[in-house]
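Chemist: Read off the chains here:
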Amino acid sequence: MHKYNISLEVNGVKYYKTVDSRQRLLDFIRDDLRLTGTKEACGEGECGSCAIIMDGKALNSCLILAVEADAAKITTIEGLEINGELDSIQQGFVDEHGVQCGFCIPGFIMTARAALNSNPDLKSSEIRSVVAGNLCRCTGYVKIFKSIEKALRLEKKR
Amino acid sequence: MNKKDKFKYNYVGNSIPRIDAHSKVTGRTDFIKDIQFPNLLHAKMVLSPHPHAYLRNLDVSKAKRSSGVVSLLTAKDVPHENQIGLIIKDQPLFADEKVRYAGDAVAIIAAETEEEAKNAETKIRFDLKPIRGIYSAEKSFNSKRNFIHPGGNVLSHLKIRRGNHADPFKDADLTVKAYLKTPHQEHAYLETLGTVVVPHKDGSVTIYGSIQCPYYVQRSVSEVLGIKYNKVKIVQAATGGAFGGKEDVPSEICSRVALVAVITGRPVRLIMGRAEDAIYSSKRHPFEMHYKLGAKKNGKLVGVVAEQYAAAGAYATLSPVVMFRAVVHAAGPYLIPNVRVDTYACYTNHPPSGAFRGFGAPQSAFGIERTMDLLADELGMDPIELREKNILREGKRTVTNQLLSRSVGLPETLKIVKESSLLKSRKRKKQKSRYVEGVGTACIHYGNTLGAMGWYLDAAGAHVQVHRDGSISVAVGITELGQGSGTTLVQMAADAFGVQTERIRVLEVDTSYVPDSGPTVASRSTIMSGNAILNAAEQLRPQLSKAAGRLLKIAPSKVVFRDDRAYTTAGKRKSVTFDAVAENAFLNNEKLAAAGWWVAPYSQWDIKTGMGSTYFAYSFAAHAVKVRVDTLTGKAEVLEVVAAHDVGRAINPEGVRAQAEGGIVQGIGYALYEDLQFKDGILMNPYFSNYILPYPEETPKIITHIVEEIGPDGPYGAKSMGEPPIIPIGAAVVSAVSNALGFQFLEMPLTPERILRGIGVLKNG
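Those protein sequence lines, which keep their order, are chains D and L. Start counting the first sequence at 657; every next residue gets the next number (my numbering). Start counting the second sequence at 4; every next residue gets the next number (my numbering).
All the pointers check out, no bait thrown in.
Below, simulated DSSO-like cross-link-like pairs (lysine-lysine); rule was C-alpha separation at most 30 Å, straight line:
#1 K36/L <-> K659/D
#2 K421/L <-> K802/D
#3 K36/L <-> K713/D
#4 K180/L <-> K142/L
#5 K421/L <-> K433/L
#6 K704/L <-> K779/D
#7 K418/L <-> K802/D
#8 K659/D <-> K121/L
#9 K67/L <-> K659/D
#10 K673/D <-> K36/L
#11 K121/L <-> K673/D
I should point out that these hints are in silico values taken from the structure, not numbers from a laboratory.
Could you build the full structure based on these sequences and the hints that come with them?
Modeler: Right, dumping it as structure tokens:
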């Protein structure tokens, strides 16, 4: 087992940390940084519950080692709300009843956020394929699609 | 409706946003794994690798000496009760003489880190003498010598005998027969099972966890630890989905973890991994069913015979009550004079089958609804027309001879489905192209709350307190699992007091606030907690009216609470704020806390004949489904669902639709994708990578119609909604695929392989 020093930026805060070579980024975020909004549901990259945005891309943090995040810029669910104002995707989920148990929701929101960041002209017809790798067992997805559609409209206004 | 209906509702009937949404979209909601505890030990259960064997020896000596291990407990270390079980005490806390499924708990390890607990587990040596396993309910039923438990393999037999049950088809012009099978289904809640048990110096314990039924956990832990209920406090953490999977299972897990916590004197956490959770935890009962239906030439049903064999798995757990719902719903929402139904739960060497949304009713719906389609074919009649001729209506009697005098929304739901544009695309001729389309339908009734067999548990409480500053705390014994009950409770409470929802805070569920309110199951949250809150509000209103009367200088009887203020009934000109009323009540020493209580109307049945008023109210639903099937690959895809649900008063209509959509997609998984595979008793696909769940791209267009046949006993007229959406959908999807291919499928899930076999592209064997 090796220890590595990494430096990275999470939600705008710079961290200098020592991590175990086998430590997953998910556990680093949850246990070392105590940012528990990022969830683990399957641990094998099948469900998207642990999605974070790393250097502009939505990635499953259960499939990445913490050492791989050296020098990276990361956003987690805790980093979206600014000065008490919800991100438009978060607001969409509140307005459109997109949340039930809520365990998968941070993953959906981060996945949609990354897609919208890289393509501000995202069309509602593309939403399904954007979140195609995220699992939800409660909602049947209909209201999740509507929540993200709402966010697209809010984003245009902002 | 009674006086409750005179309210002008500000919130009930409106789709207010969920009260928990903000906290969930920001990642602030704390699930059990998110809560920090000091000095924590990490526990892991040791599970049997074999489905059926004598446990000759379990060598834990090396594991006990493994690095970081603080405690390791087996059956030998249980000081009080090693025998658990909610209804039948047939389950050892830790398997002792025998293991009965691959996943049976034999020990628990607690170590300083999760890693060390896992490492110690690999050092345990089993000495097992295998016994032949039983993996089918019907085989278990017929097995004369191989018994999984000493008392025999049939743990429950419930029946309905009505009319000429000896010869139900005497007056029938024609009959149809079907042999049908439904599969296991995994709950696949996104948050796996987990708990933290904190021991206290006075011998009491506090248990936090992802828990559906806190009072079940309280009882089990009390029995296992040998301490009184008042020393066992259960606090529910935010729970990431349950669907029945966290009904009884947490009792077992929390009891084992509590034992370690008490012995070590340290807080102990157990969080299951995904595969471990699937291997260990309960499933939906697979059913093998023989159905026979008889009718007159005009389509009027004459008789039904149904035999249902349910694979209960290794332990009884909830099977007896699942069978109650199965048997009562076995003949569907129809008028049938002659009925013979036999429902058996039989032990098998699988994980225990238990509660899963629908609780035996989806299997029964599959049995009766598919057989109704066969009958429609035989009669040359439209399947909906056949149903219209036979459905329950107001003033008619169910097959258990219960008179339904009111609130029967089935005709309306069926009408909505029939008139939908989806139904008009139903194909009547055989299609020749590679992609074929089909339409299917199914309809159901759903008995609300626990019913006759669970009536002794069917009461619930609410503790409501109005504070001096006008804020209101509401505590209930029913848990929020994602279904949205917290939000409906706030709506109902706000309207009961005539105040804004912002005043109301629903406290976390804690068994020390509210008396045993039964389990959070049977779609009973809104009805039970809602009525208990209304009862508490009624107790508090006189004191609030007195205070308002003092401020307004009128008689208390003239006070009306509305729009966050107290008004005089006469003028409406004079009013005071609710804040002022609360403050005045406080300063005059009024009692501003009340324990609300509500008991479900009595229901009963005769266990010999199955006759009786089995449930006090029924919800109804009809679904129509359109599918497309690729005849080359065998892949079926649901394109559109039209769902009509009679839910009584919809407290939060978007919440109702959310339940419909979620249940429907879960049911599409059940019908098409979710294929839990056991090979010689070993679960082959415990991961999300090999147990295929519906993903976003599998979601069809879903249109939900809400029918509001007011339920006289529900708060504001509400009836049950959580489970009904998953009950008809499986039968409706299979009906649609059958319609597309011109072949009646009688088994789920309709995997591509099964579809290709059905149409003769793949040969059997």
